[in-house]
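Quick note, the sequences are listed as chains C and E, same order. Each residue of the first sequence is one higher than the last, beginning at 24 in my numbering. Each residue of the second sequence is one higher than the last, beginning at 10 in my numbering.
Honestly, the hints are just simulated from the structure, not real lab data. It is possible that some hints are incorrect.
[What the hints assert, rightly or not] Which stretches of chain E does chain C cover? Using the computed rule of at least three CB atoms under 8 Å from a CB of chain C, they are: (1) 45–57; (2) 88–94.
[Claimed, not checked] Some chain E residues near chain C, calculated using beta-carbon distances under 8 Å: (3) Glu26; (4) Tyr33; (5) Tyr42; (6) Gly67.
[Said to hold, decoys possible] Straight line, CA to CA, 16 Å or less: simulated EDC-like cross-link-like pairs of lysine to aspartate or glutamate: (7) Lys130/C x Glu91/E; (8) Lys79/C x Asp107/C; (9) Lys61/C x Asp51/E.
For every residue, glycine included, the Cβ atom is placed at its ideal position computed from N, Cα and C.
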Amino acid sequence: DQQVKQNSPSLSVQEGRISILNCDYTNSMFDYFLWYKKYPAEGPTFLISISSIKDKNEDGRFTVFLNKSAKHLSLHIVPSQPGDSAVYFCAATAETQGGSEKLVFGKGTKLTVNP
Amino acid sequence: AAGVIQSPRHLIKEKRETATLKCYPIPRHDTVYWYQQGPGQDPQFLISFYEKMQSDKGSIPDRFSAQQFSDYHSELNMSSLELGDSALYFCASSLNYNEQFFGPGTRLTVL
Numbered sequence: 024d025q026q027v028k029q030n031s032p033s034l035s036v037q038e039g040r041i042s043i044l045n046c047d048y049t050n051s052m053f054d055y056f057l058w059y060k061k062y063p064a065e066g067p068t069f070l071i072s073i074s075s076i077k078d079k080n081e082d083g084r085f086t087v088f089l090n091k092s093a094k095h096l097s098l099h100i101v102p103s104q105p106g107d108s109a110v111y112f113c114a115a116t117a118e119t120q121g122g123s124e125k126l127v128f129g130k131g132t133k134l135t136v137n138p
Numbered sequence: 010a011a012g013v014i015q016s017p018r019h020l021i022k023e024k025r026e027t028a029t030l031k032c033y034p035i036p037r038h039d040t041v042y043w044y045q046q047g048p049g050q051d052p053q054f055l056i057s058f059y060e061k062m063q064s065d066k067g068s069i070p071d072r073f074s075a076q077q078f079s080d081y082h083s084e085l086n087m088s089s090l091e092l093g094d095s096a097l098y099f100c101a102s103s104l105n106y107n108e109q110f111f112g113p114g115t116r117l118t119v120l
């Protein structure tokens, strides 16, 4: 079962407009959420994160919103730039018995920003 | 800034062969994670190490083993390779359970 879901496999927006990527999760034990950006043939690059005690975190053009009651988070990119075109993964963590915090990923959303 | 280093970047093996993937975490990071990403799939957690001790285990086949050495680098050993093991293998490191930083990955192809 997919504990982290990104229901939109792809999204296309115009340069300068807002990109909104959505993510839903089912495991209420998740307490930390992250967004990663991935280009082909490269590893995921950390973008932004949010703790479950917050509902918003902003870093430059990137803002992540968390709605715990709905088990939903979203990543807003504004303004979108062609260089933002990549696959975006939503990920969540919960401390495990072993003490580590493995990431559980969604299947990713491919964002295309058109000039 | 230093990043996670993985070697080799590409590896081609025959079925039933063995493979060893190496990961060098960011200096001073104390936790290493291994993930497997199959074609068109999301990365799946395999195993992690904290301060050279195995801290968690995910969907890692018994044919695979891993360890973290005194210099904090980690190796993923894969034996009796199968066609289905063809995937991207990512290593990530973190400090104090903060954000995980990923290496560029090793693309393993099993023929």
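Hint by hint, here is what the structure shows:
1. Residue count for the segment 45–57 of chain E with a Cβ under 8 Å from a Cβ of chain C: 6. That meets the three needed, and the coverage hint holds.
2. Using a Cβ-Cβ cut-off of 8 Å, 0 residues of the segment 88–94 of chain E lie near chain C, which falls short of the minimum of three, so the contact claim is violated.
3. Given the 8 Å rule on beta carbons, the hint for Glu26/E is violated: about 24 Å separates it from the nearest Cβ of chain C.
4. Residue-level restraint check for Tyr33/E is violated (minimum Cβ-Cβ distance to chain C is 13 Å; threshold 8 Å).
5. Below 8 Å, beta-carbon pairs count as interface contacts, and Tyr42/E has one with chain C at about 6 Å; its hint therefore holds.
6. Among the interface hints, the one on Gly67/E holds; its C-beta lies about 6 Å from the nearest C-beta in chain C, closer than the 8 Å criterion.
7. In summary, the hint linking Lys130/C to Glu91/E is not supported, as the alpha carbons are separated by about 24 Å, beyond the 16 Å threshold.
8. Distance check on the hinted pair: Lys79/C and Asp107/C sit about 21 Å apart at the alpha-carbon level, beyond 16 Å; violated.
9. Annotation: proposed proximity of Lys61/C to Asp51/E holds, straight-line Cα distance about 11 Å (limit 16 Å).
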